[in-house]
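2 protein chains.
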Amino acid sequence: MSSDFFEMEKTSGTARRGRLHTPHAEIETPVFMPVGTVASVKAVPQDTLEDLGAQIILGNTYHLYLRPGVETVRQMGGLHDFMSWRRAILTDSGGFQVFSLNELRKVTEEGVTFRSHLDGSSHFFSPESAMEAQIGLGADIIMAFDECTEYPADPARVRASLELTARWAARSKKYFQEHKHEVPWKSSSQSSALGRQDTQTPRFARSDNDGAAQRGDGEENTNGWQLGTDNWQLLFGIVQGGMDRNLRKESAERTIEIGFPGYAIGGLSVGEPRQLTREIVESTLEHLPKDKPRYLMGVGTPEEIAEYANLGVDMMDCVLPTRAARHGLLFTSEGKISIKQARYAQDRGPLDPNCECRVCQRYSRAYLRHLYAANEVLAQVLNTIHNLSFYLDTMQRVRHSISLGE
Amino acid sequence: MSSDFFEMEKTSGTARRGRLHTPHAEIETPVFMPVGTVASVKAVPQDTLEDLGAQIILGNTYHLYLRPGVETVRQMGGLHDFMSWRRAILTDSGGFQVFSLNELRKVTEEGVTFRSHLDGSSHFFSPESAMEAQIGLGADIIMAFDECTEYPADPARVRASLELTARWAARSKKYFQEHKHEVPWKSSSQSSALGRQDTQTPRFARSDNDGAAQRGDGEENTNGWQLGTDNWQLLFGIVQGGMDRNLRKESAERTIEIGFPGYAIGGLSVGEPRQLTREIVESTLEHLPKDKPRYLMGVGTPEEIAEYANLGVDMMDCVLPTRAARHGLLFTSEGKISIKQARYAQDRGPLDPNCECRVCQRYSRAYLRHLYAANEVLAQVLNTIHNLSFYLDTMQRVRHSISLGE
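Protein chains in written order, with our numbering: chain A, 1340 to 1745; chain B, 1340 to 1745.
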């Protein structure tokens, strides 16, 4: 039941525990992926993310395309080198952001014209240009360019949208196969550029990769996995189909027919009731291959990510832990806390008495409340560290439960 | 040449290397003190400050008085417990901020009426209330309430101001001597309050103090120094006198006559030329006792703090490294860098090739430039870590040079 890059280690009911091999790192699944929009998980240094046990982070192609620009990242050797992150990275296709952030977008068969939220300038994304961008960014896992169907939508609209997504998926795959060798950590032009600039490279590039003195083709990465000629970026397909089980099934079948090393469920968490999300996830999972990783995009609360993992989802991402943290909303084993409340002003207790994170081990609720009330940057740093720790620990416990057959 | 809490270990020309014993920690001097305005060195977690080698940080009484309020900090056991910082803390008297931030202040013999910069509410600081606040905050070193003379000022104004400061110094000392036992980490009421709430106390209070199970009178702190009955907060006097050497001499003599365990030079870096600052520092130092610590308030650049240490200053603080960092201005061994500049957009080199800090060891200038341009919070975190590292390393090198007799 395993493919060459995805090993299934244990199943328990519908839940699966596995190991996903990506070009830069091995990932234990089910996994939660913190969102690092513009090459930074907001407010958290990379060494802290490592300490928290983050195995893979997500970058947003739309944001990176605008700032610092794909060409800059490519010149720097790709996202991994650019942001000094040696573990795995996934980039989305840009489609979701274009659809959700841009009111002035125009969709044609060819692609999407949209305006930058930064300066209003006009841009165009197609399956081909989205692949080109994601190859240039060089994440380990990249996503086909899809149309995220709005909610609610009538059946005809959902069908037309899923068919467009299917055609775009085929175009995405075709472009990727023809251009995958251009990924910066494999292309020979980049290797020589790196060699030329080696004396200016920060020291991590020389000291952190045990036994790997140089980047380039066939190089061994930190986890002993080969960045070899057969180990390309993994391009995942995306299933759409709105809130209709039959259209989800059809979208799954058509995406599988094109063929990808992994499949994502997109178009959820777009305003529908939570119960409906769950039903669509559950029914869509039935139509996805068991031997390939399944990625549920953009969910959810701590309870939800545990629930979806138990349904058989292998990968999830969500801005909730990081965004909520910046608004003072903190997840704990005793429920959600709004740290801005006056009741915490003299609360000497830790944020979560059952949490082992460095924030709960050191600071009181009173101090965290003060930092938030005083608008201190440290509030964002500490709150984000705690929320990410809570999410990552939640998924760690889920993996442990699956191993125990619970 | 040593007093019971200040040991002189080595002198080299006018420079001195010493060891200052405070209630919570021992400090190697000359020392640079990062500014932690409202109980946070902006953007930097306390464990990172420890890693950077910060021995003592500064809190601003004016800001803490407004938020979270002295009573809250006192109830939490003082600033050390409140912010979970086991090393030394110094608070200013609030005088400087009241003078520099408030245009609507009104000074009388009794004290200063001012308006909050947060909500415009009216407040009053006197030598007595400034002492009361600083005793409640519970820093290791606290400052007499002074009037920071504006620059420029005519001789009559400077004289009147230094005389007011002298009278306020005497009142500060009197109030402190009568109330010093009320410091939260010594007062018995606080000890029992802590005992009562022990089950709600974050774990660091129980696990980080080796061999010190409980806070209270006579407790041994992390450095083995006794929080004993003879080991009170250290109240320092402040020398004013504007830019006039003779008035500085007179202010020094009158402050020494009142008698303090340490002396600060205030009223500099208020707009005067740098050369004048240096002259006043040099001439004032001649009139300060050699066996007491000397604290130069609110300076300066990396070059200046090294220069002042060589003149015989033992302690310095400045917002420059932290504030400049938040504006993308970074100090390096090769000079000052404005990281926002486009020239760094694809610069793969470290910020400072001669710096061992975690930022220079891991990230490129291109990445730091991107974070700043994209207005990412991580820019503030990383830039501040580097600048503080640069300042603290500078002072470490100065101490080393003094030891070597250079």
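Since the hints were derived computationally from the structure, they do not count as laboratory data. Treat each hint with caution, since some may be false.
[Claimed, not checked] A few chain A residues that face chain B, going by a derived Cβ cut-off under 8 Å, partial list only:
id, residue
1, V1374
2, V1377
3, S1379
4, Q1385
5, D1386
6, A1681
7, L1721
8, G1744
Don't be surprised by glycine CBs; every beta carbon is placed ideally from N, CA and C.
Results for each hint:
Taking 8 Å as the C-beta cut-off, the interface hint given for V1374 of chain A is violated, the closest approach to chain B being about 13 Å. Interface restraint check for V1377 of chain A: the shortest CB-CB distance to chain B comes to about 5 Å, inside 8 Å, so the restraint holds. The closest approach between the C-beta of S1379 of chain A and any C-beta of chain B is roughly 5 Å, which is under the 8 Å cut-off, so the hint is satisfied. Interface restraint check: Q1385 of chain A against chain B, minimum CB-CB distance 7 Å, threshold 8 Å, status holds.
Restraint check, D1386 of chain A versus chain B: the minimum CB separation of about 7 Å is within 8 Å; hint holds. A distance limit of 8 Å between C-beta atoms decides the matter here; for A1681 of chain A the minimum to chain B is near 11 Å, and the interface restraint is violated. Given hint, L1721 of chain A at the interface with chain B, holds; its Cβ is 7 Å from that chain's nearest Cβ, closer than 8 Å. At its closest, the beta carbon of G1744 of chain A sits 33 Å from a beta carbon of chain B; the interface hint therefore is violated under the 8 Å criterion.
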